[in-house]
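**Q** In case you want the letters, here they are:
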Amino acid sequence: MSSEEQKLLVSMIEQFAKTELENAAQKIEKEGISTDLRKRLAELGLLAATIPQSEGGSGIDRKSFSLILMTLAKYSASAAYFTYLQNTLVNELLFKSQNKKEEIAKIASGEATATLVHDLNLNFQHEIFVKGSDLYGSNNFVTLPDADIHLVLARSEGSSYLIHAKPASTGIRKPLGFRGLSFGNVNYKAEIGSDKIIFKDAENILQNHFFETGDQIAAIALGMSESAIEKAIEYSKERKAFESYLYEFQPISAALIDMKGRIEELKKALMLTESVQEKITLKLNSLETARLASRIALQIHGGYGYLEDLGVERYYRDSMHLTMLASNYVKEMKALSKDVIAPDAFKI
Amino acid sequence: MSFELPQEVEETRKRARDFALREFTKDLIDRYDETEEYPNEIRKKVFDSGFITIENPWNMLVAMEEFCRVDPGIGLSTLASVFGSEILLLYGTDEQKEKYLYPTLKGEKISAVAVTEPGAGSDVAGISSRLEKTDKGWILNGHKMFITNGTVADHYYLLARSAPPPSKEKRHHGLTLAIVERRWKGVNPVKLKGKLGMRATDTAEITFENVEVPNENIVGEEGKGFYIIMTFFNISRVYVAAQSVGTAQGILDLLLEYLSSKPSSFREMEYVQFALAEMSALIEAARNITYKAATKVFSFNPDPALTSMAKYYAAEIANQVANVAFKIVGMEASGTKLEKLYRDAKITEIWEGTSEIEKLVISRMILKRIQEAK
Chain X
1 MSSEEQKLLV
11 SMIEQFAKTE
21 LENAAQKIEK
31 EGISTDLRKR
41 LAELGLLAAT
51 IPQSEGGSGI
61 DRKSFSLILM
71 TLAKYSASAA
81 YFTYLQNTLV
91 NELLFKSQNK
101 KEEIAKIASG
111 EATATLVHDL
121 NLNFQHEIFV
131 KGSDLYGSNN
141 FVTLPDADIH
151 LVLARSEGSS
161 YLIHAKPAST
171 GIRKPLGFRG
181 LSFGNVNYKA
191 EIGSDKIIFK
201 DAENILQNHF
211 FETGDQIAAI
221 ALGMSESAIE
231 KAIEYSKERK
241 AFESYLYEFQ
251 PISAALIDMK
261 GRIEELKKAL
271 MLTESVQEKI
281 TLKLNSLETA
291 RLASRIALQI
301 HGGYGYLEDL
311 GVERYYRDSM
321 HLTMLASNYV
331 KEMKALSKDV
341 IAPDAFKI
Chain D
1 MSFELPQEVE
11 ETRKRARDFA
21 LREFTKDLID
31 RYDETEEYPN
41 EIRKKVFDSG
51 FITIENPWNM
61 LVAMEEFCRV
71 DPGIGLSTLA
81 SVFGSEILLL
91 YGTDEQKEKY
101 LYPTLKGEKI
111 SAVAVTEPGA
121 GSDVAGISSR
131 LEKTDKGWIL
141 NGHKMFITNG
151 TVADHYYLLA
161 RSAPPPSKEK
171 RHHGLTLAIV
181 ERRWKGVNPV
191 KLKGKLGMRA
201 TDTAEITFEN
211 VEVPNENIVG
221 EEGKGFYIIM
231 TFFNISRVYV
241 AAQSVGTAQG
251 ILDLLLEYLS
261 SKPSSFREME
271 YVQFALAEMS
281 ALIEAARNIT
291 YKAATKVFSF
301 NPDPALTSMA
311 KYYAAEIANQ
321 VANVAFKIVG
331 MEASGTKLEK
341 LYRDAKITEI
351 WEGTSEIEKL
361 VISRMILKRI
371 QEAK
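Chains X and D are the protein sequences, given in the same order. Going by my numbering, 59 is the number at position 59 of the first sequence; the sequence numbering is gapless. Going by my numbering, 162 is the number at position 162 of the second sequence; the sequence numbering is gapless.
One or more of the hints may lead you astray.
[Stated by the list, open to error] Heads up, simulated DSSO-like pairs for lysine-lysine below, C-alpha to C-alpha not over 30 Å straight-line:
hint : chain 1 : residue 1 : chain 2 : residue 2
1    : D       : Lys327    : X       : Lys260
2    : X       : Lys237    : D       : Lys359
3    : D       : Lys14     : X       : Lys30
4    : X       : Lys18     : X       : Lys260
5    : X       : Lys237    : D       : Lys337
6    : D       : Lys262    : X       : Lys174
7    : X       : Lys231    : D       : Lys292
8    : X       : Lys27     : D       : Lys191
9    : D       : Lys193    : X       : Lys334
10   : X       : Lys237    : D       : Lys168
11   : X       : Lys331    : D       : Lys224
12   : D       : Lys327    : X       : Lys338
13   : D       : Lys292    : D       : Lys374
14   : X       : Lys231    : X       : Lys196
15   : D       : Lys327    : X       : Lys30
16   : D       : Lys136    : D       : Lys193
17   : X       : Lys240    : D       : Lys191
18   : D       : Lys296    : D       : Lys14
19   : D       : Lys26     : X       : Lys174
20   : X       : Lys237    : X       : Lys189
21   : X       : Lys334    : D       : Lys337
22   : X       : Lys240    : D       : Lys296
23   : D       : Lys193    : X       : Lys174
Treat the hints as calculated values from the structure; they're not laboratory data.
Bound-form chain X, shown alone (with noise of 0.2 Å):
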């Protein structure tokens, strides 16, 4: 896509987050991503945003659509993050299967929505098991679990697979963030077909599926960042303290600026990140700057900001929720000592 073809999709975006998601967000965070508005991001094509058109998708490069999840994000968190789960770590994993075009459709459509239930984020395997025929066992922090198609990393003696599987049971409960989209457990007991195993040895294709897309997760980190900052600043225009505006005092113009250059800096090593190293240490860095920027804006915003009316402590509540949903430490930290130190760096 030419940087024409780039700016343009992203205008578009954005005209459509500013019309239907601005005045919308604290809507979804109370009642969730609406049939509606699944439709709209599925006629936009952002639901099979980066598969090929030839597919059934939109056939956008990386690069374009991790700045329309970063556009998004500024909106809508919980919009960007169900169109990253649909597209990336749905329909992506489908497409590399080869033969799951209907499913893709379906997602794609905004007919059905879809979740990966799986257990790299967290610091011990979840206990989804696959002996002979039978899936069985469960994972406790699922988000969407009451989507229509589950994808779902089950492992068994020496190997593990994604499977596509359909819950026993499930179990919503209210999470710190991304309030709308729906969190909970859900539990397997079925026994499958081998045309239910989307792929074998899916744990290391998983894994680096998520290192590779990282720049994702980053993307929308940024946008919430930017989101929240922009927020503070219009607030410390309005608000006064001691016959000033806050903008006037210099630790929270220090802070704003501090916060706006890291964010712009990060913006540009999006565009610019193409190695799996990259990807992970941008997505660290962008996470670590959401939180600290959501931080900073429910500060400026004082008791004001502690209530959910203003929509900046969600900030805080999303910026910490994304990096638990997205990152894992130790396991980023191994596979950036691994590259840029030795092999068996960081293990003590």
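Since the structure of chain X is already known, use the hints to place chain D on it.
**A** Just chain D now, kept in the frame of chain X:
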């Protein structure tokens, strides 16, 4: 020099710890966090168990720490049901003490401090609520915001402007403190819901329309309310520091609990061990500075710079520790008490003087001392 607390205080700490572990059950913590109701039943138990006493404030301080270690929302709500009592203890008349203070200390009434306004949080001198003198007493008009205990308190210790400031530099002059009863005509408290954390605490926005305040409800000298409130903040900020220390300790407890439930290989990783060491050192430092500030305050020799250092530093540590714990536990913190303490901790950097205000107090006091030393 001894860093040991008296045996009586240590015994209270142990009782407070046992009480909180027994009474602040997971079901109750979750219920109050979900419904945002005021935990009145537990408040009564806290009174009956003798934790609310201002005879020896150290007992309240360690109770605050231990309660918040288990649950900051319930812990603070119950102990802060006598919020502002020190104001009457120091400045109240015998009649005011008889009518408002003693019933509060017996658990029969709940009190609140009403200072913050929609347009004036950190800037106390910038408040615009007005007390106007009449033949019979005073008429109060105004609007208060983020008032803890606002809808459950029987009376408020309220700061309002009773005279215009003599100059721009003396904006803190002309402010008067009054006791205002919640049930009086013209008082309209509205509960604020949807807080990030501390959801068991009652928080309200209150409007006052032509409220009649009798002369006998003015506390201290007319026009000197700012000084009374600042004296009170010197006391209350020490308790917020204790809240932060307790919250931070509670987070460390949860992290240790998590680590002990997992294979030893996880806690043997040095990045985890270093984090534990750093958290422990930071919490101990926060506790020590809090106790040092409390020692000054409780011996009627307050050091506002030290109090602000304690409040600022302990709040910073509570939030830092919450972030580090999350980094280690990751997604498994979701839906646990650790997640709740992360949300609860943030308020410590905001209420009873933001961290920014504390830093200003510290630096101004330090610079003043340098000038005085010359």
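**Q** Confirm or reject each hint.
**A** Hints, verified against the model:
no., hint, in the structure
1, D:Lys327 to X:Lys260, "24 Å, holds"
2, X:Lys237 to D:Lys359, "22 Å, holds"
3, D:Lys14 to X:Lys30, "42 Å, violated"
4, X:Lys18 to X:Lys260, "21 Å, holds"
5, X:Lys237 to D:Lys337, "37 Å, violated"
6, D:Lys262 to X:Lys174, "25 Å, holds"
7, X:Lys231 to D:Lys292, "39 Å, violated"
8, X:Lys27 to D:Lys191, "21 Å, holds"
9, D:Lys193 to X:Lys334, "43 Å, violated"
10, X:Lys237 to D:Lys168, "22 Å, holds"
11, X:Lys331 to D:Lys224, "60 Å, violated"
12, D:Lys327 to X:Lys338, "21 Å, holds"
13, D:Lys292 to D:Lys374, "27 Å, holds"
14, X:Lys231 to X:Lys196, "46 Å, violated"
15, D:Lys327 to X:Lys30, "27 Å, holds"
16, D:Lys136 to D:Lys193, "37 Å, violated"
17, X:Lys240 to D:Lys191, "25 Å, holds"
18, D:Lys296 to D:Lys14, "24 Å, holds"
19, D:Lys26 to X:Lys174, "16 Å, holds"
20, X:Lys237 to X:Lys189, "57 Å, violated"
21, X:Lys334 to D:Lys337, "29 Å, holds"
22, X:Lys240 to D:Lys296, "34 Å, violated"
23, D:Lys193 to X:Lys174, "17 Å, holds"
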